[in-house]
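Q: Chain order of the listed sequences is A, B, C and D.
The letter at position 334 of the first sequence is residue 334 when you use my numbering, and the numbering goes up by one with no holes.
Here my numbering runs 1000 ahead of the position in the second sequence, where the first position is 1.
Here my numbering runs 2000 ahead of the position in the third sequence, where the first position is 1.
Here my numbering runs 3000 ahead of the position in the fourth sequence, where the first position is 1.
Derived by calculation from the structure, the hints in this document are not laboratory data.
Treat the numbers as computed from the prediction; the structure is a model and nothing was measured.
Cβ coordinates follow ideal geometry from the N, Cα and C atoms, glycine included.
Do not rely on the hints blindly, as some may be mistaken.
As the list claims (entries may be wrong) - Here are some of the chain B residues that sit facing chain A, going by a computed Cβ distance under 10 Å:
1. L1043
2. V1121
3. E1123
4. A1126
5. L1148
6. W1161
7. L1163
8. R1165
9. G1170
10. A1240
11. R1245
12. I1253
13. I1263
14. A1266
15. G1267
16. A1268
Stated by the list, open to error - Listed next, the in silico SDA-like pairs over lysine to any residue satisfying Cα-Cα at most 25 Å (straight line):
17. K1278(B) / V1198(B)
18. K3067(D) / I1015(B)
19. K3067(D) / L1227(B)
20. K458(A) / L1227(B)
21. K3042(D) / G1183(B)
22. K3067(D) / V1193(B)
23. K3067(D) / V1198(B)
24. K1077(B) / E2092(C)
As the list claims (entries may be wrong) - Some chain D residues near chain B, calculated using beta-carbon distances under 8 Å:
25. F3019
26. Q3084
27. I3086
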Amino acid sequence: MSAGLLATSPGGDVLVAAIVVPVIGILLLWLVRPRAVEWVALAALLANLGVAVAVLRTVSSSAAPVAYLIGGWQPPLGLALRADGIAAVFMAMAATVLVPVAIYARGAFGAPGERRPMVFWTMLLAITAALNLIFCGQDLFNLYVALELLTFAAVPLVSLDGSRETLKAALRYLVFALAGSVLYLLGVAIIYGAYGTLDLIGLASIRGPDGALLLAIGVMTAGLAAKTALFPLHLWLPPAHAGAPPAASAVLSALVVKGSFFIALRLWFDLLPPERAVAGSTLLGVFGAAAVIIGSAMALRQARLKLLVAYSTVAQLGYLFLVFPLGLGSGAAPFESTAWTAGALQLMAHAFAKAAMFMAAGLVYEAIGHDRIAEFRGLGRIAPLTVLTMTLASISLMGLPPSGGFSAKWLMLTAAFGEGAWWWVLVIAAGGLLAAGYVFRILVPAFTPPEEPIARVKPVVVRREAAALALAVIAILIGFLPLAPWPLLAIGRIAAGAP
Amino acid sequence: MMGLVLDGGIALLTIGIAAWTIRAGDDFAAVVGFVAYGLVLTLAWTRLGAYDVALTEAAIGGGATGVILMRAGARVKPAPAARASRRARIIVGALSAAVAAGLSAIVLLPPQPAPSLALEVREHLASTGLGNPIGGVLMAYRAADTFLETVVVLLALFGVWSLGRDAHWGGRPGPALRPAEGGALPLFARVLVPAGIVIGIYIVWVGADAPGGKFQGATLLAAMAILAGMAGLVQAPATAGRRLRWLLAAGPIVFVGIGLAGIPLAGAFLAYPPGFEKPLILVIEVALTVSLAAMLALIVAGPTERAP
Amino acid sequence: MSLAPLDAATLYGLMGAILVGLGLYGVVLLGGFLRRLLAFNLLGGGVFILFGVVARRGAGAGFGGDPVPQALVITGIVVAFCATALAITLIERLTEEDGDDPSGGGS
Amino acid sequence: MSVLLGLFSTVAIIAGIVFFVAGTVGLLRFPDALTRLHALTKADNLGLGLIVLGLLPYAGSVGAALKLVVIWALVQFAGATVAQMIGALAVREHPTSAGRQRR
């Protein structure tokens, strides 16, 4: 297990901070006076942003991963944290999404200290801790605990308003998530029984996967797919994400589903040599393609904005699963491949655009008292900043240049062309057209002048509009990064089966 | 040979009870089947030589889970007998059988020698000051798991509370107390609760060197609190209470505090300074036991149902 | 690779495999949230037993079993209890919320 | 002496098992809640009592033997309490027939 030897790197303490800061935030929330609750949460999220930026800077300046041995114990006996390039980038991305969400949510749930604000801020911080651990965890069981933390934080957010529909959506989500967790845990048992270690680096050095590893990764992927709402296990997502309050939907759609996806990504790219992954990764790609087409088609048929945006998440998550066939099928080093960068960009661009979209949907609801798309005429006059936010986010979701969504899809197309895999090209192109269809259903009426002025129920708060707009602008700005594989995303990756 | 017959019997019984629970006609019968399943699983754990796990399974897996399932079985209306289509049953049945067959193959063809970390655990156990290897894993090698698990339990409690009504936020969980009926339960509680508290503390105390530990002990303490509540001897605390919140947070705070102190004093988060391992672990265990007992009791008590 | 000896670990390993199969079937197919939750717990029990079998086979260094998987199971049982409690509270709340069929339909 | 002790243990444990079997049969066959309770409590009382009695010579130490006896006493107490509560419930739910109902 010499390949598994790790040492705490200089500045590795930031990884501990990434876990401990949000947890201390949670404990403080329940101990301070109600008036201080929002400030504690905001401070914890700002500190978390600082920590994430520090991790990213350390990784990019040293061009090496940051590692930390908890308690000084070496894996496989102990637990290690390790942020490689992609983990550092995603940690920074999540931290960046969370701050505007918090600014948007401040004061949105009534008097602090009551049920909804207490639950919302607690769960938001718990999601922060869980995601950080998922991004830099090294031990499969430690990742299980992080997954459960994520689930227990996400489910109460779905039923925050306490209505019958949201309770039912939350329960359905919980059943899917629990089935997913237990399948994941089954895989952990198989892997420990076969190799006596749960450390990802130690496992990556094991050559020649046998039946046990394949069965383990099979059941774990099925479990993680249920948690990520990969078609055909997506049925829980639309009611859950549409039923949650907008600030919660933003986090659930932009970040929470990405947590389980990230672990699946690690399993496939870290533990399976590419030549062993061909059949399975093609299957994942087919499910992803089906999600793109069916999710978009369902989004086209929705009458209400939040449900449309939720179905759009099903479709956009589908793109992520195209990374498996494109990244593992090329035969080239997967982490320098175009597909790897394309997947990371898609994940980030969707996170920013979708968070902005849900927050804008919430503002629309508040401004006109409903979210029926058919009655959006004249919205541009009432809430110009919000409509601008939706427009920018839509550009990225459709994949029009310049935007993060465009870069991601362009790189994905490049990868597909490079491999002569024209069927993925068709899926990506069709998905873009369908996305254009569903976003124009929102934007066209919003920009059409009304026949009679539509009633404004409540003025929108500029601070909240600005928070949503900031996220949409970032989704666009990602499109200005160079259209090539990022070396940053390959830092510290250890290809499975590599000597 | 006798042992194998016993093991085979336990295994068949467990499978039979599981199948019966899946097939049972009504929900409450299924719940009762599940409680029996927990009991036979406990037997299986002792036969596998895992006494710590057997204690946990009996206390939490069968016991505490059984209590809340019983409550739900009594409260929730039975689901309509919605039978899945024949085709769905065949497909899902085949898939489940395939997974079971794959797992059986792995069980029957184990790697040799069996991989194990027992040697490594033994090698470093002396430096943790503990005699129980599982305590060493939970409090030293994988202390981060245990810390996060405490946070998970706390979050589950907040999740349960989040399902109460707005009007009841900060109030007391459970319905208002009815006057205790008959004399049996209050008498039973008066006698058993002190005994149970002693046994709970004992289980935590011996956990350092023998089977036992904070999770099992805390569950027993939580059970005593619930019993006292059912007997009408004590009232569930208001969830907005300052003291209750400090009680819940104490365990995680002590854990993270000692963990962070390890960075300057012992070179790493959740490392213990040499010579102080056992006392520090004991301090954490005591604080965790108190907090976990409160968390578990309140999780079983459910969301707030009375206005503050 | 050779066939495992017929011992307690192997017997309970096969039991665990069958319990996982039964639980999986129930989680996917049973109607009603409460029954699915029970099946989830049956399935979990099977998975934990598989950990126990791995632990038993890893006995050594004077321990009756590898303590690492045993410790993982203890953590797992506590987490599974929390999950069950959260789900039950949701189910009960849903029952309270509507008089009609609360636990039915949930694919 | 040890032979006698062994014989004593065997007889006591077998007798205990007989009581448990009888109690279980009673639980399954008796017609109403109260008679079933009667069957169950007999199994608890005598069955467990005899088994504990049979195990005592093998307890190894006085402490362990004491623990066995305490376990028996606790089960007695818990069984009696639960039986009383179930009985009270049965009488309240079916006051006329004292819990009598068709299986």
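Q: Which numbered conditions among the earlier hints are violated in the structure presented, ordered from lowest to highest?
A: 1, 4, 18, 20, 25 and 27
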